[in-house]
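Asks: Next come the chains, spelled out residue by residue.
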Amino acid sequence: MARKETETKPVLEMVQADGADEGCVTFVLHEEDHTLGNSLRYMVMKNPQVEFCGYSIPHPSETKINFRIQSRGGVPATDLLRKGLKDLQDAAQHVRTTFEVRLVSLHPSFLALAFPGRFGRRPRPSPCTSFPFLFWRARGTKGQNKQTPTTTTTPRLVICTS
Amino acid sequence: MAAPMSNVDEIRKRVILSEFGVRNVHTTDYPGNYPGYDDAWSLQKFKKNFRIEVVHMDDTSMEFDMIGVDAALANAFRRILLAEVPTMAVEKVFVYNNTSIIQDEILAHRLGLIPIKADPRLFEYRNAGAEFRDEEGTEIDTIQLQLKVKCTRNPRATKESSDPRELYLNHMVYSKDMKWVPIGNQADVFADAQIGPVHDDILLAQLRPGQELDVVMHCVKGIGKDHAKFSPVATASYRLLPEITLLQTVEGEKAERLKRCFSPGVIELENRGGKQVAKVVNSRLDTCSREVLRHDDLKNLVKLGRVRDHFIFSVESTGILPPDVLVTEAISVLVAKCQKFLNELDSTEME
Numbered sequence: 001m002a003r004k005e006t007e008t009k010p011v012l013e014m015v016q017a018d019g020a021d022e023g024c025v026t027f028v029l030h031e032e033d034h035t036l037g038n039s040l041r042y043m044v045m046k047n048p049q050v051e052f053c054g055y056s057i058p059h060p061s062e063t064k065i066n067f068r069i070q071s072r073g074g075v076p077a078t079d080l081l082r083k084g085l086k087d088l089q090d091a092a093q094h095v096r097t098t099f100e101v102r103l104v105s106l107h108p109s110f111l112a113l114a115f116p117g118r119f120g121r122r123p124r125p126s127p128c129t130s131f132p133f134l135f136w137r138a139r140g141t142k143g144q145n146k147q148t149p150t151t152t153t154t155p156r157l158v159i160c161t162s
Numbered sequence: 163m164a165a166p167m168s169n170v171d172e173i174r175k176r177v178i179l180s181e182f183g184v185r186n187v188h189t190t191d192y193p194g195n196y197p198g199y200d201d202a203w204s205l206q207k208f209k210k211n212f213r214i215e216v217v218h219m220d221d222t223s224m225e226f227d228m229i230g231v232d233a234a235l236a237n238a239f240r241r242i243l244l245a246e247v248p249t250m251a252v253e254k255v256f257v258y259n260n261t262s263i264i265q266d267e268i269l270a271h272r273l274g275l276i277p278i279k280a281d282p283r284l285f286e287y288r289n290a291g292a293e294f295r296d297e298e299g300t301e302i303d304t305i306q307l308q309l310k311v312k313c314t315r316n317p318r319a320t321k322e323s324s325d326p327r328e329l330y331l332n333h334m335v336y337s338k339d340m341k342w343v344p345i346g347n348q349a350d351v352f353a354d355a356q357i358g359p360v361h362d363d364i365l366l367a368q369l370r371p372g373q374e375l376d377v378v379m380h381c382v383k384g385i386g387k388d389h390a391k392f393s394p395v396a397t398a399s400y401r402l403l404p405e406i407t408l409l410q411t412v413e414g415e416k417a418e419r420l421k422r423c424f425s426p427g428v429i430e431l432e433n434r435g436g437k438q439v440a441k442v443v444n445s446r447l448d449t450c451s452r453e454v455l456r457h458d459d460l461k462n463l464v465k466l467g468r469v470r471d472h473f474i475f476s477v478e479s480t481g482i483l484p485p486d487v488l489v490t491e492a493i494s495v496l497v498a499k500c501q502k503f504l505n506e507l508d509s510t511e512m513e
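Sequences listed follow chains A and B, in order.
Start counting the first sequence at 1; every next residue gets the next number (this note's numbering).
Start counting the second sequence at 163; every next residue gets the next number (this note's numbering).
Pulled out of the complex, with its shape left as it was, chain A reads as follows:
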């Protein structure tokens, strides 16, 4: 998996039994839960090339899921996972587009709310690279004059609320 020089947490791992073909793979998706697990399982199961698909959360205090795919006729499981992710993404994008079209027809000010800066009254200082999925940043154009919050004297106590 893609790892930087400093050991970062893996995002996706593949577990395969020795000698098993590449059609039977358990993927470990880190930092995911039922949200992606169940919707992705649905999408993968909608593919006729899939013989079996299921997921589990091995332990409630570990934020990862085991996502198992078994294919028909030796199709690589990675291809099926990729198709599942693509299908899910396409579906979600269509839901978003439909929702946005419906809301713009209801109240035109929706665009200004959904994409702050792009349609707002006041132009933001830094540009937006790809409309409409990137938002204008709070960072100024000069940008680098970062200032730390003003703390005059040391507080008696600092409490982290979470």
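There's no promise every hint is true.
Derived list of chain A stretches under chain B, where covered just means 3 residues or more per stretch with a C-beta under 8 angstroms from a C-beta of chain B [to be verified]: (1) 44 to 57; (2) 70 to 78; (3) 90 to 103; (4) 108 to 115.
Since the hints were made in silico from the structure, they are not lab data.
Glycine is no exception: its CB is placed at the ideal position from the N, C-alpha and C atoms.
On the provided structure of chain A, position chain B as indicated by the hints.
Replies: Structure of chain B alone, referenced to chain A:
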């Protein structure tokens, strides 16, 4: 009476509420399950069937129908709304002075739960992890608020008064006393944003003369999965559209009783040839109580079901972002999740 449906179609498209349980709960329309049906995923087919109807919308809440989608997806949107759409909330509380009777920790917890009106999309996440713990926040990831209140006696109070509202000044500390202290260029960038608590009238503490609160708060961007204070919604839920079908004509006293088994407005009586005949008017209003199934003479006259792919969403915002924006944000989160793993798969392939 609705058009009759074949047995297979009923299993595929309806959840049936029967006397001793709920049938056909799970999605079964996967390829290979039903001979003669093409259940493979098709974006074209999805686009053809999918609809959204907005039923109600105001500044803080909305109700809309999402039609033609599976529970797996609808539930993903709901879960993301609750736990993965970011907001800004008080994360660190610097207590300079607190002589009120409310303990520092309780006060800090209370401050954390107050919704902060600031557009989270204009801020970055603060670096997490031990190595960044001592790092100070900057204008791109932190909002600073200050709460400085001191209670005094009211010199103009009458002698015989016993009402605290008259006797003291500043004895009630409200969320409106949390004042925004801009960092760096924030004063220019957010000049028209009016950063501060969403609600002005949340009581934070009560003071007595001489007692004082002096705290500085740092708000950061976070998600509900980490702490519920970051959740952008008060509630986000869905229910399936109820469907009530009368299998026979129901008249007279039975019709009257049938009407009373359901929520008001679901069944109305119609005068047909001098007889009162029951008619389903609006099954959407039903709570699906299944009361009708307790009446032996009525239970075989109706069919209670729910449409499996018709979700009635209800989203109540905390007021930080409007509910419609929250929904688009939630969908974007799911799209981004898919993209993250697609990128990961592609980069693995390269190696």
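Asks: Please go over all the hints and tell whether each is borne out by the structure.
Replies: Verification of the hints:
| no. | hint | verdict |
| --- | --- | --- |
| 1 | 44 to 57 | holds (count 4) |
| 2 | 70 to 78 | violated (count 1) |
| 3 | 90 to 103 | holds (count 12) |
| 4 | 108 to 115 | holds (count 3) |
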